[in-house]
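S.K.: Each chain, letter by letter, is given below.
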Amino acid sequence: MISQFFILSSKGDPLIYKDFRGDSGGRDVAELFYRKLTGLPGDESPVVMVTTGGRRHHDGRHFIHIRHSSLYLVVTTSENVSPFSLLELLSRLATLLGDYCGSLGEGTISRNVALVYELLDEVLDYGYVQTTSTEMLRNFIQTEAVVSKPFSLFDLSSVGLFGAETQQSKVAPSSAASRPVLSSRSDQSQKNEVFLDVVERLSVLIASNGSLLKVDVQGEIRLKSFLPSGSEMRIGLTEEFCVGKSELRGYGPGIRVDEVSFHSSVNLDEFESHRILRLQPPQGELTVMRYQLSDDLPSPLPFRLFPSVQWDRGSGRTTLEPKPRPVSLNVRLHLPLPRGVVSLSQELSSPEQKAELAEGALRWDLPRVQGGSQLSGLFQMDVPGPPGPPSHGLSTSAPPLGLGPASLSFELPRHTCSGLQVRFLRLAFRPCGNANPHKWVRHLSHSDAYVIRI
Amino acid sequence: MPYLGSEDVVKELKKALCNPHIQADRLRYRNVIQRVIRMPGVQEYIQQPILNGLRDKASYVRRVAVLGCAKMHNLHGDSEVDGALVNELYSLLRDQDPIVVVNCLRSLEEILKLEGGVVINKPIAHHLLNRMSKLDQWGQAEVLNFLLRYQPRSEEELFDILNLLDSFLKSSSPGVVMGATKLFLILAKKFPHVQTDVLVRVKGPLLAACSSESRELCFVALCHVRQILHSLPGHFSSHYKKFFCSYSEPHYIKLQKVEVLCELVNDENVQQVLEELRGYCTDVSADFAQAAIFAIGGIARTYTDQCVQILTELLGLRQEHITTVVVQTFRDLVWLCPQCTEAVCQALPGCEENIQDSEGKQALIWLLGVHGERIPNAPYVLEDFVENVKSETFPAVKMELLTALLRLFLSRPAECQDMLGRLLYYCIEEEKDMAVRDRGLFYYRLLLVGIDEVKRILCSPKSDPTLGLLEDPAERPVNSWASDFNTLVPVYGKAHWATISKCQGAERCGPELPKTSSFAASGPLIPEDNKEREQELPDSGALMLVPNRQLTADYFEKTWLSLKVAHQQVLPWRGEFHPDTLQMALQVVNIQTIAMSRAGTRPWKAYLSAQDDTGCLFLTELLLEPENSEMQISVKQNEARTETLNSFISVLETVIGTIEEIKS
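Quick mapping for you: the protein sequence lines, in order, are chains P and A. Counting in the working numbering, the first sequence runs from 70 upward without gaps. Counting in the working numbering, the second sequence runs from 267 upward without gaps.
Everything labelled a hint here was simulated from the structure, so no lab data went into it. No experiment lies behind these values; they were computed from the predicted model shown. Glycine residues also receive a C-beta, built at the ideal position from the N, C-alpha and C atoms. Errors might be hidden in some of the hints.
As the list claims (entries may be wrong) - Keeping only pairs whose Cα atoms sit at most 25 Å apart, straight-line, the calculated PhoX-like set for lysine-lysine is: (1) LYS768/A <-> LYS105/P; (2) LYS507/A <-> LYS283/P; (3) LYS469/A <-> LYS768/A.
To be verified - Here chain P is said to cover these stretches of chain A; the calculated rule only asks that three of the stretch's residues, wherever they fall, bring their Cβ under 8 Å from a Cβ of chain P: (4) 433 to 439; (5) 685 to 694; (6) 707 to 719; (7) 755 to 763.
Said to hold, decoys possible - Which residues of chain A face chain P? A partial, calculated answer using Cβ under 10 Å: (8) TYR326; (9) ARG360; (10) MET444; (11) CYS489; (12) TYR518.
Whole structure, please, built from the sequences with the hints as guidance.
M.R.: Structure below.
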């Protein structure tokens, strides 16, 4: 049971405030939440907070919030509820608001206040969830979303173009999917699009001797459909896709994941035999499938980094040689440096590149790196040595405290680390009087934590 | 709500409600019910439309009407439960629309709150179980929660239910999976193997949540993992890599992960886990580094040698924030695991240069005192401390130094005698802190009695391995926490939760309430009416006093002298006065007593301090003059804010007023 729901901007301004039960102290609860959040000691978690103190109205009220695209979505409750359900509800609300308003952000929320309140009215009644299905909600929502810029397919200025395997072999801009699902009822022509993304998050830990300590891949197949609801589609996955350690399919090494879970609306009749998922997606965003894979990755790691450190009496040379296999975008290399580095000189493999020093760490940004290429960066720094003679077997050639570990963040378009591919996406639906719906299939891996110890 | 207030609006709504065609438009119906419900003076108009709504053809209207019943009931407040309405709602549990069914449960729960909520008997339970698959994830989670109160009659029925619920353990929604897990744990409380089996099956979803993209979900899942680990320590051992911290994670997740790592360590993974934790010890964030060192100290109770070696290497880094925590860890460790004393004693020399804070110094001095005979340079290190005792700022360090030096004097008298004399002289003659001075005098007199007596008193055992067993209780049975699973309790932690529910006051009096018995034991200090009064405090201004903000007397005095009186007031006071009662009562509202005169002194004075959550300090002087039978209150504030000042004063007034009432 939820007492209140509110959305705060990153600066703490309330954008949306809704009181469901009238048993609370009013709007200053939002302010109280933000004050508590910013005043929290470092070792306490902000996820769930409680108010205590002498005041009757705010006493024993739990705040549960998520942070989503720099907004705080907060619910308050005075009962001992399931935290899993509430967090799930909050992220579902975030997706829902994203579906209706285009993308979620401070601007879109404040432009669509009426729409948001209308949605909240339908989703929650007296603090109880009624429904969150886009399908049921669309019957009741009258307000149109206000979009800041009209969507144009030719708006190709943004970076991050993903290739799309479609019969038209067109390329959709990355912003194409971020428009309201249900807006522009009149403008039917543009609506027949469906986006299918295979997104993998990679977290890797590599020891200083180059051995792999941990690999963890979290994959998701996300669908964003602009098609009329009820149209059936079939998604064909790679046939060699195996679940669990024991299953064997095909002849090659196969693509193996440890665990898979599907959205409840997915029909798995053909999954065992042909690895085909059948579903009738509602409009909007939907996570069709989630999978995890840890420890044995079928393909070699997408990124290698060869670090070497030479250290001698307070000055040192660190060489970093990143080597990506596929094309990578937005590569950022982050290397914490010891406290008190006095001078830093750099020698990078190409003169356009630049590494900079920020917040006690080295940051080397590479917007785009060709696959198979090798880069190198040589950094030379001086650190004033610690006072007193070194003892306890610590030699002067050991690097000082605080150097490394290096972490990489990157995006790999058209690449999945598990090797999972979408073979096809077929729609049973034929729109009357319209051209074939556009189908965009994208594969993307990005790093969650890619850490190399030095 | 914007709908309160205007007369016209009320009239308009009354008209609308009397209109039989109101249900023609579902949206309008919903809106009218939703809004009218909070308005005074229209209740008699609501009843009929709601009852009609319960039988409406459109499921949308029924949904709204069912919840409308609960709203109506809560609005009436003390009104009696309408039996016919309750029966109607029970029969609506058979409704075609799944949301109507779930809303009925919610509505009944609210209406029957005083009678213990909605009753789940066998037909209802089985009906709900059969409808489960038709519900959406929110409904499923909620119904699973309602089913918790159903007691199957026989074992056979129990296992039938568990079979029916099996598919929900595989749901893609974590809320449903955890709800189903809890139901399994509760229903199968007499079958430990079923419980273990369920916890094995929930491992996958929990681990997936732990590496979820949503930080918040990840945090909640980690808290539940810890809860399970308390009962099944080996449960996640093979998945230890999932709990390695990554660079970008927020602090609170890292701390949880370190705790989990600490708890799941076993013979196979100890090497890798320690390796990983060692990496964290040099993290740029000092807090996190210290948490990691404490975690290694925790593991050291089982795997002493490896951990002591790592900790010793850390001392070599000569970093202040690391050394102090390592020494504190050592202190706790030698007490619990005497076998590592030798290694610790070898590592200690040289540490004193890198310790500046009070906790670290105390730990080091304690170690030097207790195990001084094994550390060759112990007297010289302590001598340095004695030399600098005048500039030492922490009284606790001085006390520790006195005890340690006296202990060391017993084992190495020749080296210590001179400086012990100097230290005692300083403490007795020059020290301003009374506690230190008293301790010095105590030791001085003890020495006068004779060395044997000193030995008898100071040479207590140097370690107590049994304490470790007491400290981490053996595996707790699953049943002890099953009812807390999938609630906020594991998220807050059991101890914190106990204080929260305590604070929530009398109206929710659960089993936690007797925690206040420390007050109750010493007489009827805080009678019930006092608590109620506390809650009736005026709402103006957002005042929240922070507990346990004890100021030192010095600081208080300095601040007191530097500030001007912000408020002064005189309260009437008659009869006798019990300072202890007042102090206790003030403590309840988080006002600390810094100093006060003894009972019976006239005029009687007390100095109080309190701090609110924004850091604003309130310093107060109470002056009681029995002759004039009045109490004078002067309040000083370090930030001038009138509204918080006013609410602080009203808190103070309430407390003092209550105390006087008790007596009269």
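S.K.: Please verify whether LYS768/A and LYS105/P have alpha carbons no more than 25 Å apart.
M.R.: OK: LYS768/A and LYS105/P at ~20 Å, within 25 Å.
S.K.: Under 10 Å, Cβ to Cβ, is where TYR326/A needs to be relative to chain P, so tell me if that hint holds or is violated.
M.R.: Check passed: Cβ of TYR326/A comes within 8 Å of chain P, closer than 10 Å.
S.K.: Hey, LYS507/A versus LYS283/P, does the alpha-carbon distance stay inside 25 Å?
M.R.: Distance ~7 Å between LYS507/A and LYS283/P Cα, so the pair holds.
S.K.: Take the region 755 to 763 of chain A, compare each residue's beta carbon with every beta carbon of chain P, and decide whether three or more fall closer than 8 Å.
M.R.: It holds, with 3 qualifying residues against the three required.
S.K.: Please check whether CYS489/A passes as an interface residue: C-beta within 10 Å of a C-beta belonging to chain P.
M.R.: holds, 8 Å
S.K.: Grab the minimum C-beta distance from ARG360/A to chain P and call the hint holds if it beats 10 Å, violated otherwise.
M.R.: ARG360/A check fails; min Cβ-Cβ to chain P is 19 Å, beyond 10 Å.
S.K.: Cut-off 8 Å, C-beta pairs, minimum 3 residues; does the coverage of the region 685 to 694 of chain A by chain P stand?
M.R.: It is violated: at least three residues are needed, and the region 685 to 694 of chain A offers just 0 whose Cβ sits closer than 8 Å to chain P.
S.K.: Three residues minimum, CB to CB under 8 Å: does the region 433 to 439 of chain A make the cut for coverage by chain P? Let me know.
M.R.: That given contact holds, which follows from 4 residues of the region 433 to 439 of chain A lying within Cβ reach (below 8 Å) of chain P.
S.K.: Within the assertion that chain P covers the region 707 to 719 of chain A, do at least three residues meet a Cβ-to-Cβ distance smaller than 8 Å?
M.R.: Check failed, 0 qualifying residues.
S.K.: How about TYR518/A: closest beta carbon in chain P under 10 Å, or not?
M.R.: For TYR518/A, the interface hint holds, since the closest Cβ of chain P sits about 4 Å away, which is under 10 Å.
S.K.: Let's test the interface hint: is any C-beta of chain P closer than 10 Å to that of MET444/A?
M.R.: Holds: closest Cβ of chain P sits about 5 Å from MET444/A, inside 10 Å.
S.K.: Check the hint pairing LYS469/A with LYS768/A against an upper bound of 25 Å on the C-alpha distance.
M.R.: violated, 33 Å
The structure fails to meet hints 3, 5, 6 and 9 from the earlier list, while all remaining hints are met.
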